[in-house]
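Peer 1: Position chain B against the provided structure of chain A, taking the given hints into account.
2 protein chains.
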Amino acid sequence: MSVAPTVSRDRLWDTLMEMGKIGALSNGGCNRAALGSEDCRGRDQFIRWCRDAGCQVTLDAVGNIYARRRGRNATRPSVATGSHLDTQPHGGKFDGIYGVLAGLEVVRSLNDAEVETDAPIDVVCWTNEEGVRFSPPLAGSLAFAGLVDVGTVHNARTLDGTTVAEDLRSGGFLGTELPGSRALDCFIETHIEQGPILEARNKTIGVVTHIVGIRWSIVTVTGLDSHAGTTPMDKRRDALLGAAAMITTLNQIARNQDEFARLTVGKLQITPNSGATIPGQAVFVCDLRHPDAAILHSLEQRMHAAMRAIASEQGLQISIERSIDIAPLRFSQDLIDTIRSTANELGYSNMDMLSGAGHDAMNVARVAPTAMIFVPCKNGLSHNEAESATPDDLAAGAHTLMHALLARAQSKSRQ
Amino acid sequence: MSVAPTVSRDRLWDTLMEMGKIGALSNGGCNRAALGSEDCRGRDQFIRWCRDAGCQVTLDAVGNIYARRRGRNATRPSVATGSHLDTQPHGGKFDGIYGVLAGLEVVRSLNDAEVETDAPIDVVCWTNEEGVRFSPPLAGSLAFAGLVDVGTVHNARTLDGTTVAEDLRSGGFLGTELPGSRALDCFIETHIEQGPILEARNKTIGVVTHIVGIRWSIVTVTGLDSHAGTTPMDKRRDALLGAAAMITTLNQIARNQDEFARLTVGKLQITPNSGATIPGQAVFVCDLRHPDAAILHSLEQRMHAAMRAIASEQGLQISIERSIDIAPLRFSQDLIDTIRSTANELGYSNMDMLSGAGHDAMNVARVAPTAMIFVPCKNGLSHNEAESATPDDLAAGAHTLMHALLARAQSKSRQ
Numbered sequence: 015m016s017v018a019p020t021v022s023r024d025r026l027w028d029t030l031m032e033m034g035k036i037g038a039l040s041n042g043g044c045n046r047a048a049l050g051s052e053d054c055r056g057r058d059q060f061i062r063w064c065r066d067a068g069c070q071v072t073l074d075a076v077g078n079i080y081a082r083r084r085g086r087n088a089t090r091p092s093v094a095t096g097s098h099l100d101t102q103p104h105g106g107k108f109d110g111i112y113g114v115l116a117g118l119e120v121v122r123s124l125n126d127a128e129v130e131t132d133a134p135i136d137v138v139c140w141t142n143e144e145g146v147r148f149s150p151p152l153a154g155s156l157a158f159a160g161l162v163d164v165g166t167v168h169n170a171r172t173l174d175g176t177t178v179a180e181d182l183r184s185g186g187f188l189g190t191e192l193p194g195s196r197a198l199d200c201f202i203e204t205h206i207e208q209g210p211i212l213e214a215r216n217k218t219i220g221v222v223t224h225i226v227g228i229r230w231s232i233v234t235v236t237g238l239d240s241h242a243g244t245t246p247m248d249k250r251r252d253a254l255l256g257a258a259a260m261i262t263t264l265n266q267i268a269r270n271q272d273e274f275a276r277l278t279v280g281k282l283q284i285t286p287n288s289g290a291t292i293p294g295q296a297v298f299v300c301d302l303r304h305p306d307a308a309i310l311h312s313l314e315q316r317m318h319a320a321m322r323a324i325a326s327e328q329g330l331q332i333s334i335e336r337s338i339d340i341a342p343l344r345f346s347q348d349l350i351d352t353i354r355s356t357a358n359e360l361g362y363s364n365m366d367m368l369s370g371a372g373h374d375a376m377n378v379a380r381v382a383p384t385a386m387i388f389v390p391c392k393n394g395l396s397h398n399e400a401e402s403a404t405p406d407d408l409a410a411g412a413h414t415l416m417h418a419l420l421a422r423a424q425s426k427s428r429q
Numbered sequence: 015m016s017v018a019p020t021v022s023r024d025r026l027w028d029t030l031m032e033m034g035k036i037g038a039l040s041n042g043g044c045n046r047a048a049l050g051s052e053d054c055r056g057r058d059q060f061i062r063w064c065r066d067a068g069c070q071v072t073l074d075a076v077g078n079i080y081a082r083r084r085g086r087n088a089t090r091p092s093v094a095t096g097s098h099l100d101t102q103p104h105g106g107k108f109d110g111i112y113g114v115l116a117g118l119e120v121v122r123s124l125n126d127a128e129v130e131t132d133a134p135i136d137v138v139c140w141t142n143e144e145g146v147r148f149s150p151p152l153a154g155s156l157a158f159a160g161l162v163d164v165g166t167v168h169n170a171r172t173l174d175g176t177t178v179a180e181d182l183r184s185g186g187f188l189g190t191e192l193p194g195s196r197a198l199d200c201f202i203e204t205h206i207e208q209g210p211i212l213e214a215r216n217k218t219i220g221v222v223t224h225i226v227g228i229r230w231s232i233v234t235v236t237g238l239d240s241h242a243g244t245t246p247m248d249k250r251r252d253a254l255l256g257a258a259a260m261i262t263t264l265n266q267i268a269r270n271q272d273e274f275a276r277l278t279v280g281k282l283q284i285t286p287n288s289g290a291t292i293p294g295q296a297v298f299v300c301d302l303r304h305p306d307a308a309i310l311h312s313l314e315q316r317m318h319a320a321m322r323a324i325a326s327e328q329g330l331q332i333s334i335e336r337s338i339d340i341a342p343l344r345f346s347q348d349l350i351d352t353i354r355s356t357a358n359e360l361g362y363s364n365m366d367m368l369s370g371a372g373h374d375a376m377n378v379a380r381v382a383p384t385a386m387i388f389v390p391c392k393n394g395l396s397h398n399e400a401e402s403a404t405p406d407d408l409a410a411g412a413h414t415l416m417h418a419l420l421a422r423a424q425s426k427s428r429q
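Chains as they are written, first to last, in our numbering: chain A, 15 to 429; chain B, 15 to 429.
Just to be clear, a hint being listed does not mean it is correct.
Using 25 Å as the maximum straight-line C-alpha spacing, the simulated DSS-like pairs for lysine-lysine come out as follows [said to hold, decoys possible]:
| no. | chain 1 | residue 1 | chain 2 | residue 2 |
| --- | --- | --- | --- | --- |
| 1 | B | Lys392 | B | Lys35 |
| 2 | A | Lys249 | B | Lys392 |
| 3 | A | Lys35 | A | Lys392 |
| 4 | A | Lys392 | B | Lys249 |
Simulated from the structure, these hints should not be mistaken for laboratory data.
Bound-form chain A, shown alone (with noise of 0.2 Å):
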């Protein structure tokens, strides 16, 4: 595809890639947790890309980049995009940061073909999406919302022991400027796909709808330590046997719900865990999700039921605390528009689609017209170092971000 303007495939696979060498693992992967060492240097890496670009980058309090190219009215909201320069440990090249370099790609190809617009265009960094190294995760774009305070982030602890503040402030990355206090006319966020639905369908750009909404409950299942030995089989009160039974009958209830239900299992601890004693306590984490708020809430409620009926059958004690609940999301729909018809006459295959992993994006959606963008990843994998994903893919995902912003940011109607 060539609309003009058009950007440079190859120069935003070598500055992603350029950037996978900051944190580099072994296995193509990065490391770089949120303003950890590692992080740092991204950071400048990008603000020095940046302003070689031309453009003019701020802070917020929050530790927040801005970077801006200019329009020719700077009373007019900008309109927005990016994503997160932070990493999971075991990272990929191109979770988050596709769409932080998206942006600047989208900058630099605006540059060469003298492009002015009307709105300004801001390139945005937010602050630890990922929360490996501090909490809350997604702080930046949390702070930016209104939804988190400014000094909470900043007395959040890291896994080295130092205080956010101390490391914005050793970092060179705390700025003045109130999270939120910018008015933004629009965002969109690039992304990786997470999943594996455009490759399977075959499609080069996903429109995203929605976010799904996520519920989490902590189950805690109490039998009787007791030994493996000497206790019959029918006397047994198996922590374990009962949560077995518990994630294959959620496994089910999801599955027999619709397309859209994930139920998952990921986090589960035994105690003793030890290999002679039939465990007396399993604590597990469902992560459950859903993009229909009704259906989301049934489909909780019907798990914890069939939890209890289990743990009645089983003689044992269970108790469920909810722990996480944030309800679905749907985008802007102008926006959503915007960025499906810009795909169309890009003549970018596409589908609409869901987003099942929470992003930067859903906190912006609070406080201004927002949407994403996702491309394929190659077997739906990410938070892997073996996440892959095409230079054709990430370009055609940058061409279509700069249409769907210049579609914005050119229009007189507004403000």
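Peer 2: Chain B only, in chain A's frame:
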């Protein structure tokens, strides 16, 4: 019961309670890890009590303690009893300790009644039955039976970083006698049942006929780490979901076999064990027990096949490694008959039963006629601070032990 000579119920109980003060925990239990400071205090106390009772105390090269009450015929092999004084980290006051102190009570009672036996009687404290602080567990009886070298035990590294040889020397427990060089006429170990059967059937004495065979399989199920939100249910390779189905099926197979089969998954670790990631790996230990070697083998093979079938159905890889293989053991028929007829003569309700747990007796059985006497423990609970047994039941066990030992020690027909 008071068939003469009898034992002192209260003295036995008081001695148990006195020993229970050493390494006492806040919830009524004890922590005396083998050759740690508390275990050394317990061993010193036991030796003082034995010397006060007129015994000659000898140590062997792995720290097994032999307290001998002399017989008329010093050349006869000793009629032996005993167990271990070391405990689990949150152990009770009875597991092991009872078997040692019941032997001491027999000596004291024979002294009181001025009974002279023909054969000497040895009360033995085997070193490190529990294996908490160093390996192998059952070290003392393994060395006695020639199943492990003295050097191997001496070189074993403890949790405190010392070697066992250093601990034996510093504690004053490094004897010169070669383990196993002492001839035993027989060995009878008394022990709390550690299971619920005697209590449920309202019997006082368990005449232990077998120790079950034990096989451990270490099972590694491998799927693929992937994102909980973005991976459709039908595209997952969830190692925990596979393990859950296996755990359920393994339990079913054991229950369907017979009342003697025991299957426990007590140890399980999933990776990466993160709430929002589908687990790519689950490693668990299957502890399988049965008193019949052929059935044990057939059960194991059926379980392995069932797990492979589940892995295949779910698109998971599986590897299964057998890590422990202990053959079932039948105790000495002669001793079994002696214990049963002794219990009957003394008027104690009794039943033949299996031991589902391993004990020092199973090693000693390799080199001398051996059997065990069980007494009830409350709710079958053991390896737990709440471990409990009644003074009456404990005295009944010691009384039965005394008369069974006397039957051997007074017999002129032996040796």
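Peer 1: Confirm or reject each hint.
Peer 2: Here is how each hint holds up against the structure:
1. Lys392/B / Lys35/B: holds, 20 Å
2. Lys249/A / Lys392/B: Holds, at about 14 Å.
3. Lys35/A / Lys392/A: Distance ~20 Å between Lys35/A and Lys392/A Cα, so the pair holds.
4. Lys392/A / Lys249/B: At roughly 14 Å apart (the allowed maximum being 25 Å), Lys249/B and Lys392/A satisfy the hint.
This entry satisfies every hint, going by the numbered hints stated previously.
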